[in-house]
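Participant: Sequence:
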Amino acid sequence: MLRADAVSFGYGSHPVLRGIDVAVSAGGLVGVLGPNGSGKTTLLKLLAGLLTPAGGRVTLDGLDTAQLDRVTLARRLAVVPQETELAFDYTVLEIVLMGRYPHLQAFELEGPDDLDIARRMLAATGTADLEQRSFRTLSGGEKQRVILASALAQFESRTTPDDDSGASRVLLLDEPTSSLDLAFQLETSALLDRLNRDHGMTVVVCTHDLNFAAGLCRELVLLRDGRILAAGPTEAVLTPDTIAAVYDVAADVHRHAVSRQLTVVPLARR
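By this note's numbering, the letter at position 3 of the sequence shown is numbered 3, and the numbering carries on one by one without gaps.
To be clear, the hints were calculated from the coordinates, so they are not data collected in a lab. In this text the structure is predicted, and so the values were computed from the model without any measurement. Worth double-checking, as some hints may not be accurate.
Said to hold, decoys possible - Simulated restraints on C-beta separations:
#, residue 1, residue 2, range
1, G37, Q67, 42 to 48 Å
2, D193, A236, 31 to 37 Å
3, T52, H254, 24 to 30 Å
4, F88, D181, 25 to 31 Å
5, F107, T84, 23 to 29 Å
Every residue, glycine too, gets a C-beta built ideally from N, C-alpha and C.
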């Protein structure tokens, strides 16, 4: 389980999160929603161990993430940021192989097993044909899927299982569909659902897209002004009242007649 207990954080004198409590069960699929400036990305970075809470703590399977060494944490938790900028030019395959660093000893180079894992992750994300392309030449959507492949490569052990092979695997994504067209949005949603259902991977998604979250996530956390306004099962949380409270927008929420997916239709600014 990934937990944030009474977590607070700010940048300088500006508070961003205030006493946040979040519990993501092993194998959970959770969406974090909220308007700009609500603290979504900051919460994601705190859950990932990229930021240290000013108050409270974040734990993974009961262990304080601030006390875990970076290699151990990287084998169990991976982040897909909204944007990735690199100082040097790398091929797509080289980018995905970077995800293998938690499984390498000091000065060790990637071996055949690592190469096989990297290529399997490229295939899983529909980017195998981009293997030799320069990362800089890719579209935003292609870059996002390659970074996802690299994140997935972090979790894969070699032939000999790692000591922590039974531990939770958590994938954290920040706006994973922001650069994707409709077809790849559907593919990304299907991939994350498959990773969660078939491989037991815990997935946390920060997104502005309420309909994407409604179709994918089983639970939601709604933030506003650094506080949680609602949290729980998607259908219980995503209501006209909570949308109005979080976004100041009147909305209709219903099940689509064909897909049966919970659908949000904004009606007016309140």
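Participant: If a hint holds in the structure, say so; if it does not, say that too.
Facilitator: Here's how the hints hold up against the structure:
1. Between G37 and Q67 the CB atoms are about 31 Å apart, so this pair departs from the stated range of 42 to 48 Å.
2. For the pair D193 and A236, the beta carbons lie near 20 Å from each other, so the given range of 31 to 37 Å is not met.
3. Judged by the Cβ atoms, the range 24 to 30 Å given for T52 and H254 is violated: they are separated by roughly 42 Å.
4. Taken as a hint, the range 25 to 31 Å holds for the pair F88 and D181, whose Cβ atoms sit roughly 28 Å apart.
5. Distance hint check for F107 and T84: the Cβ-Cβ separation is about 25 Å, which falls inside the suggested range of 23 to 29 Å.
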